[in-house]
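As you go down the protein sequences, you meet chains D and W in turn. Each residue of the first sequence is one higher than the last, beginning at 1 in our numbering. Each residue of the second sequence is one higher than the last, beginning at 1 in our numbering.
Careful: at least some of the hints might be erroneous.
What the hints assert, rightly or not - Here's a subset of chain W near chain D, in silico, CB distances under 8 Å, partners left out:
1. 93
2. 129
3. 155
4. 162
5. 163
6. 165
7. 196
Stated by the list, open to error - Covered, in the sense of this in silico footprint (three residues per stretch, anywhere, with C-beta under 8 Å from a C-beta of chain D), are these stretches of chain W:
8. 26-40
9. 64-77
Bear in mind the hints are in silico, worked out from the structure with no lab data behind them. Heads up, the beta-carbon is just placed ideally off N, CA and C, and yes, glycines get one too.
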Amino acid sequence: MPGPTPNVDGDTSSDHDDGVRIDMISGARMEGLTGMEKIRLILDGVRDGNIVILEEGLSPDEESKLIEVTMTEISPDDFTGIEIETYPKAETNNQSFLDKLMGRKSAQKLTVIGPANRIETLHKDENLISTLVSRK
Amino acid sequence: MGLLTNLKDSISRVTDGLFAADEPKRIGIYGPPNAGKTTLANRIARDWTGDAVGPESHIPHETRRARRKENVEIERNGRTVTIDIVDTPGVTTKVDYKEFLDHDMEKDDAVRRSREATEGVAEAMHWLREDVDGVIYVLDSTNDPFTQVNTMLIGIIESQDLPALILANKTDLPGADVQQIANAFPQHETIPLSALEGDNMDEVYTKIAEYFG
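Using the sequences plus the hints, can you model the full thing?
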């Protein structure tokens with residue numbers, strides 16, 4: 001089971017000044033993590049200037065905590081927060097009663113998260129997220 | 001002894017439930033910054049209690065602490081619905097003090113305002129998860145409602161099974177598009193209003209009584 005290491009390859013440096021690092025994290029890697037470990041994994045990457053792409057996104061409760069923790073980490077001239085985009089959710093009504101009862105999440109969708117000062121959404125619809133990522 | 005303890009616990013749960021049913025429900029007013037949440041909270045509070053909840057401003061993040069107005073009694077169709085209104089800071093995923101500099105603010109004031117704003121958003125999220133019984137979600141009907149913050153917040157509200165009323169505010173402004181909001185969240189009822197002008201407040205109060213009474 002993968003541990004809550006902040007970066008995918010253990011490289012915590014952000015000295016790739018000539019490019020933008022993108023971490024694409026599979027659902028399997030996130031599966032064994034607690035909500036707080038997921039948030040740390042995301043925010044540590046984003047605070048290093050990386051773009052984090054989650055294959056399966058976060059649950060609503062995790063999204064709520066991500067916003068809360070992000071707010072506590074914002075500091076002037078250092079970190080201004082995150083930009084986050086998912087495909088617009090399909091009707092949540094397609095989650096069956098049993099899914100709700102068992103706490104199973106359905107319709108989790110690919111999510112892109114990056115530093116607010118480096119990522120800008122150009123276009124978003126049900127099938128396409130187009131973002132502009134700037135270098136530092 | 002165990003039987004008596006269990007019986008006592010059961011009675012306590014029943015009585016707690018009875019009293020809880022009589023307690024006013026806490027209704028959080030949520031939405032993005034500058035949607036008119038405080039204007040609405042003040043409108044409701046003034047109409048039914050004579051007091052305001054907090055200062056209004058066109059500068060984003062004027063409300064940086066959740067403010068509660070208790071025991072707002074709304075009379076509708078011969079009955080009274082009592083709620084606590086919780087006016088919350090506008091929710092966002094980013095706050096940059098430099099944006100406040102555009103509003104003729106000194107850097108120190110802008111930095112302080114941004115720090116308070118971040119604390120306020122964190123507080124609002126905490127209230128949403130722990131302390132509200134229903135949500136009035138306020139949107140500026142002149143803006144695109146298909147934003148990530150709106151999508152996430154509506155998702156969070158739905159995941160908590162909280163009753164939610166969506167209000168399309170600022171219908172007094174040119175360019176207001178209520179239908180766009182209704183299309184964005186078709187699973188919820190959308191009520192148009194102008195909190196500033198007091199337009200359509202009758203319907204808003206009727207819906208508040210219906211959803212949260």
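Structure-based check of each hint:
At a threshold of 8 Å, the smallest CB-CB gap from residue 93(W) to chain D is about 5 Å, leaving the interface hint in force. About 6 Å separates the beta-carbon of residue 129(W) from the nearest beta-carbon of chain D, less than 8 Å, and the hint is met. Contact between residue 155(W) and chain D, as hinted, is supported at the beta carbon level, the nearest pair being about 5 Å apart and thus within 8 Å. Against a cut-off of 8 Å between C-beta atoms, the interface hint on residue 162(W) is violated, since the closest Cβ of chain D lies about 11 Å away.
The criterion of a C-beta within 8 Å of any C-beta in chain D is not met by residue 163(W), whose closest approach is roughly 15 Å, and the hint is violated. Among the interface hints, the one on residue 165(W) is violated; its C-beta lies about 18 Å from the nearest C-beta in chain D, farther than the 8 Å criterion. Against a cut-off of 8 Å between C-beta atoms, the interface hint on residue 196(W) is violated, since the closest Cβ of chain D lies about 28 Å away. Look at the segment 26-40 of chain W against chain D: 0 of its residues bring a Cβ nearer than 8 Å to a Cβ of that chain, fewer than three, so the hint is violated.
Given as covered by chain D, the segment 64-77 of chain W fails the check, having 0 residues with a CB less than 8 Å from a CB of that chain where 3 are the minimum.
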